[in-house]
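Residue numbers (UniProt numbering), protein chains in the order written: chain A, 1 to 361; chain B, 1 to 361; chain C, 1 to 361.
Note that these hints are calculated values from the structure, not bench results. These figures come from a predicted structure and were not determined experimentally. Incorrect hints may appear among the rest.
Intra- or inter-copy, both count: the list cannot distinguish identical chains.
Here are the simulated DSS-like pairs of lysine-lysine, each with C-alpha atoms no more than 30 Å apart in a straight line [claimed, not checked]:
1) 265 to 316
2) 246 to 231
3) 246 to 334
4) 319 to 265
5) 281 to 131
6) 316 to 262
7) 177 to 151
8) 147 to 265
9) 348 to 281
10) 231 to 316
11) 171 to 334
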Amino acid sequence: MARQLIRAIAVPLGGCTGTWAGGTAGGCEFPCPSPGRIMRPDDANVAGNVHGGTILKMIEEAGAIISTRHCNSQAGEPCVAALARVERTDFLSPVCIGEVANVSAEITYTSRHSVEVQVNVMSENILTGAKKVTNKATLWYVPLSLKNVNKVLEVPPIQYARKEQEDEGKKRYEEQKLDRLETKQRNGDVIFPVINPEPHTVGYSQSSLIHLVGPSDCTLLGFVHGGVTMKLMDEVAGIVAARHCKTNIVTASVDAINFHEKIKKGSVITISGRMTFTSNKSMEIEVFVDADPFVDEPRERYRAVSAFFTYVSLSKEGKPLPVPQLLTETEDEKRRFEEGKGRYLQTKAKRQAQMQQAARQ
Amino acid sequence: MARQLIRAIAVPLGGCTGTWAGGTAGGCEFPCPSPGRIMRPDDANVAGNVHGGTILKMIEEAGAIISTRHCNSQAGEPCVAALARVERTDFLSPVCIGEVANVSAEITYTSRHSVEVQVNVMSENILTGAKKVTNKATLWYVPLSLKNVNKVLEVPPIQYARKEQEDEGKKRYEEQKLDRLETKQRNGDVIFPVINPEPHTVGYSQSSLIHLVGPSDCTLLGFVHGGVTMKLMDEVAGIVAARHCKTNIVTASVDAINFHEKIKKGSVITISGRMTFTSNKSMEIEVFVDADPFVDEPRERYRAVSAFFTYVSLSKEGKPLPVPQLLTETEDEKRRFEEGKGRYLQTKAKRQAQMQQAARQ
Amino acid sequence: MARQLIRAIAVPLGGCTGTWAGGTAGGCEFPCPSPGRIMRPDDANVAGNVHGGTILKMIEEAGAIISTRHCNSQAGEPCVAALARVERTDFLSPVCIGEVANVSAEITYTSRHSVEVQVNVMSENILTGAKKVTNKATLWYVPLSLKNVNKVLEVPPIQYARKEQEDEGKKRYEEQKLDRLETKQRNGDVIFPVINPEPHTVGYSQSSLIHLVGPSDCTLLGFVHGGVTMKLMDEVAGIVAARHCKTNIVTASVDAINFHEKIKKGSVITISGRMTFTSNKSMEIEVFVDADPFVDEPRERYRAVSAFFTYVSLSKEGKPLPVPQLLTETEDEKRRFEEGKGRYLQTKAKRQAQMQQAARQ
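With the rest of the complex left out, here is chain A (with noise of 0.2 Å):
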């Protein structure tokens, strides 16, 4: 993997593993440590697991932090980098309340237009010192000018210890692009309302949020932070995957999500989230963020965010518990159920294959 250490970032981390960039890209695994901020009862839901979109804001924060400072290292029109698209993410293992999540970041890439950043965090439980790694996550930055925000500026080169980081790169930029393409054009789908539904529908566990776009979700430009529209659609999952199982529920993956519109302070947003499939014991909710821009501009609503998300319901020991079956009643319900049955069954082959390679090396 190519490593670009951003040194400012570089400095501050205290319990960092391996040696310590010697020299240009050394085998440390959290190289741009930062933040370290203890989990609040606030962050985490009734059982003290912090949920995935807590975790979700603070990556997208330091991603935006490390990419908005590279694209800014060399004179030229001031900018900042907003978020275009993070890669699927797992979450790896629960953060509880009280314990530190320590994110770093590194840029792995860059193309003409757009900076690939490795964004990780790791909890920390500092009483015992135990540490875990919760997330791996990809994230796609555009920098934007200050000065006209649809002017998409240049981003300077990083450089590569070996040739071959800059083209895995390269294939991760085109394969991304592709996607962010593919998934444009699914996006007309709406959540229509049920009314009194049975349990165990897609009707019945359907839910949104409408949130007013205040300053403090903003970005210097006045646009919504990634991070805070990320934390928005995981409550919605998380309400969903709740209303259909009536247990605590966790996080467990998230797809990966493509900013397709900007969205302005003022707007009002919907976030609407329906399960699309249930496997025995996890459940697939698609959200969807559609924008009012508000007040002063003549547009209509548009779609500006999509994605799936995975959740697991735990028992009070922290096991996986049985999932009820998700009943479906028309075509298209039918017919999601089998796309998310298709990407289920992928992520678990794809699982499995990395686990015998594992396992061979």
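Using the hints, position chains B and C against chain A.
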């Protein structure tokens, strides 16, 4: 106005060096008053007007503190005062970012099981020194045992300076009791979703929001603070108003709010709002709060709170703007419009009577 | 202690017209005190003790309000008071979730360009009525013009009841001025990361946190509130202390904090902490705040604030526990340990002298 000074709360106030009101309230250790709270960007809408909900939350926190303190002032079972009702409140003048909101509270009547608190809010521009009264609110609290949340305790009686103060208080007590009963009977109503609504119809602007009740929303008893609920209600009402007229809107008044049932930590609450009436320059929005007791409770969804909010639309110069007329379609919508008109005319008549009385004095 | 009553602050609570208890307390028009703020779960650590940083933030907000109000009390250029320094503060007793924190403030001295504010915090258990003094803090503010943030304005002088009050204030003013100059010279130091540190070494517990400065962190001038900075500093110091001794820890005191430079909205700040000294039952942690002016400024990273926090470790019963000794390795660490010991012994001697004096009286 009946004024009964609560000993405990008489202490911390301000500029009173040396003797505090003739000795009995002596020992005034902390001479300067709590200096209020500076209003931040997050407390306000895009035009810089502080949300009515922010003010309502501050009012309720002050009421909860003074009434809990009073109810525990005599040896006995420890208790927490729970909000039962807020009387109709006018927002007399808008508060802006950077201003300081000063909140004061006093107990004005006690019945056997309830406490009436008068709370006043004054906004202060600390640059110019200008001060304006923003709100005068009356709240009713009921003391609930800390050991058994379903047990209502007795309230220590206050002393009245004059007999009439007690009589007037008793009259207010009886009136609100009657109104609470009436409201409770209206509670079956539900806001149904509308598909593809036309502009300016009820369905076009109706909105709802879900909120997962977290620890910071709750009192020591693990139930939602009334102020948190009111802030969310104002948020939904504001979005309904803005969707209807697509301009900058502010809370003008709130009708009496009755808190029919407690809401427990971990519940998901749905706050729904629909427009019921428009006059030339105001909009009335009905707001419901429904609670789903989460995860570990067998109980069904129930109506916890309901209220009417009145909003006005403001130009950039802060002048009231004409409001598009609400298009009513169903019989129920027409009936609710007429009821809203009744409330509007009644309030108008009452205000004119007060102004005439004031002019005569 | 010099007590100069600031007229403006004696007034502000709301709307209670009519006579106030016989007039002895003079022009105290508004008798009903602001009822403080209830401490919530998010204000506290896992053991329920409110963070020192939460208290420091409340103290600073009170200081900023009273000094801004005073500096604008005469016709002239409007200004905002910026925090320049906080004197050493002891946390006299812990505050718990559910208690009410009452904050009072008064201006005790004015020089030509600065204001000294004394802030007291009293925690109150509203169930039992028990009250404890929690903090007595002294803060220095400087009025900055609202039009030109680099222009320091003149402070309206206050009236002293006795000549000695002015003399004592002047002495305090000169002392803090000297100390500010000295601290500024020490500012080159940086906290470097350590790889694979041993337990109880400095490197093992050192921590840092980055924070993107948003609108709600800032004053009207667009610079970070001193209280926001102090809250983050306390958070980092607390993580360092918990990493070192792996128990429940609380803030015992904060040495004088000098705010050398303003921090602008949009900056990224890095707050770093390292342990410098341990006695049998206390830990001293040095905290640095460094700012990276973001995006649109050519300026380099600069040291904005630095301070020493002292923490103690508490058992489940709230009794102080022995603290593992800090292992110093480098020459610099040994020197800092000796300096910390010097501060510790000096504070101890001062406290003993005060207690002897109090006993004699």
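Structure-based check of all given hints:
1. 265 to 316: Close across copies (17 Å), not inside one copy (40 Å); limit 30 Å.
2. 246 to 231: both (21 Å within a copy, 27 Å between copies)
3. 246 to 334: within (23 Å within a copy, 39 Å between copies)
4. 319 to 265: between (41 Å within a copy, 23 Å between copies)
5. 281 to 131: both (26 Å within a copy, 27 Å between copies)
6. 316 to 262: Intra 40 Å, inter 25 Å, cutoff 30 Å: inter-copy only.
7. 177 to 151: within (19 Å within a copy, 49 Å between copies)
8. 147 to 265: both (17 Å within a copy, 17 Å between copies)
9. 348 to 281: Close inside one copy (13 Å), not across copies (53 Å); limit 30 Å.
10. 231 to 316: Cα proximity of residue 231 and residue 316: one copy only (24 Å, versus 33 Å across).
11. 171 to 334: neither (34 Å within a copy, 51 Å between copies)
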